[in-house]
Amino acid sequence: MSQTLEAYLALSAILFAVGTFGFLARRNAIAMLMSIELMLNAVNLSIVAFGAFIPSLNGDAAVIALMVMAVAAAEATVGLAIVIAIYRNRRTPLVDEYHQMSE
Amino acid sequence: MGETLVTLLLVLPIAGFALTALVGRRLGTRAWVIAVPIVVVTWLAAMVVVYTSLSGGFGEEGLHFTHYEWIPAGDFRVPFSLAVDNLTAVLLIVVTTVGMLVHVYSIGYMAHDAGRWRFFAYLNLFMFSMLLLVLAANFLLLFAAWELVGLSSYLLIGFWYPRQSATIAAKKAFLVNRVGDVGMALGIMAVWTTVGTLQFDEVFTLLPEHFHAGEIAPWMMAGIALLLFCGAVGKSAQFPLHVWLPDAMEGPTPVSALIHAATMVNAGVYFVARANPIFSLAPEAMFVVAVIGIFTAILAASIALTQKDIKRVLAYSTLSQLGYMFAALGVGAYVAAIFHLMTHGFFKGLLFLGSGSVIHAVHEEQDMDKMGGLWRKIPITHATMLIGALAIAGIPPLSGFFSKDEVLGGIFEQGFYVIWIIGAFVAFLTAFYMFRLMGKTFYGPSHVDPAVEPKVHESSRWMTIPLILLAIPSIFLGMTLGLPFGSGLIDTWLEPIFEQAQENLGMAAPGAFEFLGIDGVLILASVALAAIGVAVAMRLFGFHWPLRRTDTAPQPERVAALTQRAPALYRASFNKWWFDDLNHVLFVVVGGRIANGLWWFDRAIVDGTVNGVGDVVQGAGRDLRKIQTGRVQNYALGIAFALIIVAVYFVLVVAS
Amino acid sequence: MTLPTTIPLLGWSWNDLLFLVLGSVLIGTALMVVLGRNIIRSGLWLIFCFATLAGLYALLGNPLVAAAQVLVYMGAIAVLILFAIMLTQTKGGPAALVFHHQAWAAAIAAVVLGGLLAIVVSVSGWPLVGPFMATSTNLVAELIFGDYLLAFEIVGVLLLAAVIGGVYLAKRDDGPPEPEA
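Here the protein sequences come in this chain order: A, B and C. Under numbering that gives the first Met the number 0, think of the first position of the first sequence as 0, with each following residue one higher. Under numbering that gives the first Met the number 0, think of the first position of the second sequence as 0, with each following residue one higher. Under numbering that gives the first Met the number 0, think of the first position of the third sequence as 0, with each following residue one higher.
Just so you know, these hints were derived from the structure itself, not from any lab. Hints should not be assumed to be uniformly reliable.
Pair by pair, the computed Cβ-Cβ distance ranges are [stated by the list, open to error]:
1. C:Arg171 - B:Arg621: 41 to 49 angstroms
2. B:Val650 - A:Asn88: 39 to 47 angstroms
3. C:Ile153 - B:Val631: 52 to 60 angstroms
From the derived model, a few chain C residues whose C-beta atoms are all more than 10 angstroms from chain A [what the hints assert, rightly or not]:
4. Thr1
5. Pro3
6. Leu8
7. Gly22
8. Phe49
9. His99
Taking beta-carbon pairs under 10 angstroms as the criterion, some of the chain A residues facing chain B (in silico) [claimed, not checked]:
10. Ala24
11. Arg25
12. Arg26
13. Met31
14. Val94
15. Asp95
From the three backbone atoms N, C-alpha and C, an ideal C-beta is built for every residue, glycine too.
Taking the hints into account, I'd like the entire structure generated from these sequences.
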């Protein structure tokens, strides 16, 4: 019964929502990045679920999922490097303080 | 030949103006050497033209010619064209003769004034304007001259500009005139839209044609006539635009004589007479003219009874006589009106110049309470003024009697009995206040300021000779032109011009004069009224009988007693029936409040709206700027919300 | 001894139970990541979350992806994150405010978004759904090195670029080189 596509997709949606909340609400830059990882993972989960339940997408889904993982890794690398660089400058990881581009 | 002379009539004065304006100051006391001879030559030329016209030399239609196309603007074409017919000729007599004599008089009057070069320049300008006015052959040219005359009047009234009352009076004259001119301009426009031309001869044939063909409604005709009449009301100072004339006495006396007695104020009468084809097609309009005329006559006469300033009395007298002329025009007695215009020009000019001589003699004092007993000291002035006073009172055989009688006779003949009664009463009042003026000025004990008294002297010859020269027509003009009654020279000259109008009004040709019939009765009536008026005034204000060498002493106590009996009327008369105050309240006070209100509206609402828009935009910008926080998460939240909205929209609206 | 085909008392299949457990743990740990005050703890909860996900992948019949999840996410990314946390710690510590002012709006947005997605997913029919099919690794290998070879290579280049970029960005700035003594 719970081995249905809808169930996995709903689960993925909830995970995505949690990740969104974290991204929008946390002050720490690293926490934001962690939330981004959560969101990416939620998407990954939904892709793999599609691969399992839709025959025509069987192999492709796995490939896509692996690609997503790779890209997520690259993105996490660069993002964290940036945060570290900014931290060196501002001495704080809190994004509140990064408002040089405001009025 | 005729054309050259007529053109000369215009060219000479304007050249005089230009030359005097350019070099006048350097001429010092001789500032008149350009202006006065020019006017004399103009007079000569005018006399030739007049003689030619009145003896039929220009044919029935008169002299007509065009110099050039003044305004060629597509359909709207206005040539600079001049015309001389008998009506113009009669006006020319008055304008040039009185004008010339006033110029000569001014040599003496302005002898001590530093600005005399300006004065002569303006006088020449005025002559040009007035001549252009009577010579113009189309409405627009006449209107241009109309305004020029107003300008000259403004310049001359405000001649002593350091005096504030003078500048105010000049402004008032111009503004009040302007009010009338609005109506006149509208009337001229109406004429153009109706017949498509402004030339007098064309308009006066086309309009009746259109009217009789039923293309122009009667109310339209009356409307045009009344609009044109507005201009005349302003220029000739009829009620309710009469308020400027008394104040115009701020100008030097020659100005008052020329402009406000003999010439400019006659422009309105001339204009209505010239436009008689229009008026005669609108009997209602003519009735309005007559009513306004006679109302002004009695209004002004009532005010003249109590005024203390000698020139003001004469000013109100002018208003009153002008009212007579309009009353005559309004009932269709055109010839009578023009006849009165002629005689009035001469004897009023005489009276004004004489008063100028008096004022000069008592060293610029104009209050009659401070005069008296002057007949001994200024005999020539006194004699000529007495002639003028008799003329205006209508005592035969002087000129005023003939013209005034034609006016009153004409009114009676047309059946306007009420107007006749008022007119007769005005004649009585006229005689009365004129001899009141004479009494207070010349007779009785002297109330002259003791310091001034020894210096009272007769004026120079420059001033007295014009007085004498004006006295001659005042005596003889009536007799020469007005006899026999109803078919004198003046009738011969002018009747052809007004024939059309007489026809339109359905007026029967005046019957033969019946001396023993109704006409004789009317004459007796008017003479009797005049005589009574003179007698009463003599009793109250004093008189010196030249032949009997006795005096009638003035009775100030009787005067005071009479005044006590009607204090309200006295006050009303003395305060000019409070018209100036009414105008002040209506236009200055109320108008000022309205203007202030509108100014508030402009400031608060119009500017407020404009500024408000700017403020709104600024405020919106300021508040919207707050969205740009520079913080990524704020932007991301915005994206999230937008995403939700789009998704909901998609789900609910599109996909269902 | 073999497991009974269904859970004894409830009559569910074992897969269902596994799914339920893994699912709730997933959400729970994710919430701990997001709501946690101490950021190091959040990082550790993140690792737990990734582990749960690996389990779910396995449940979906995809052991390759599960393995990759463990290796890449848990083994590399999470560690990287923990390093970064260590490097950017402030003295302020847990005393500082965890959430923005806009946390409430964010919560609403998140809830609405999640709910919307979940509802849409459940309501819409999935016409292409077939029976459950596990993914064979052979198949994936053939696809990666066959149809998707270019993509695979590009991802490699991308990773190279990321590494170089990361190294460069995070390098300590030593200032202009000193002149050789």
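Verification of the hints:
no.	hint	result
1	C:Arg171 - B:Arg621: 41 to 49 angstroms	holds (43 angstroms)
2	B:Val650 - A:Asn88: 39 to 47 angstroms	holds (44 angstroms)
3	C:Ile153 - B:Val631: 52 to 60 angstroms	violated (28 angstroms)
4	Thr1	holds (20 angstroms)
5	Pro3	holds (17 angstroms)
6	Leu8	holds (16 angstroms)
7	Gly22	violated (5 angstroms)
8	Phe49	violated (7 angstroms)
9	His99	violated (6 angstroms)
10	Ala24	holds (8 angstroms)
11	Arg25	holds (8 angstroms)
12	Arg26	holds (9 angstroms)
13	Met31	holds (7 angstroms)
14	Val94	holds (6 angstroms)
15	Asp95	holds (7 angstroms)
In summary, the numbered hints that this structure violates are 3, 7, 8, 9.
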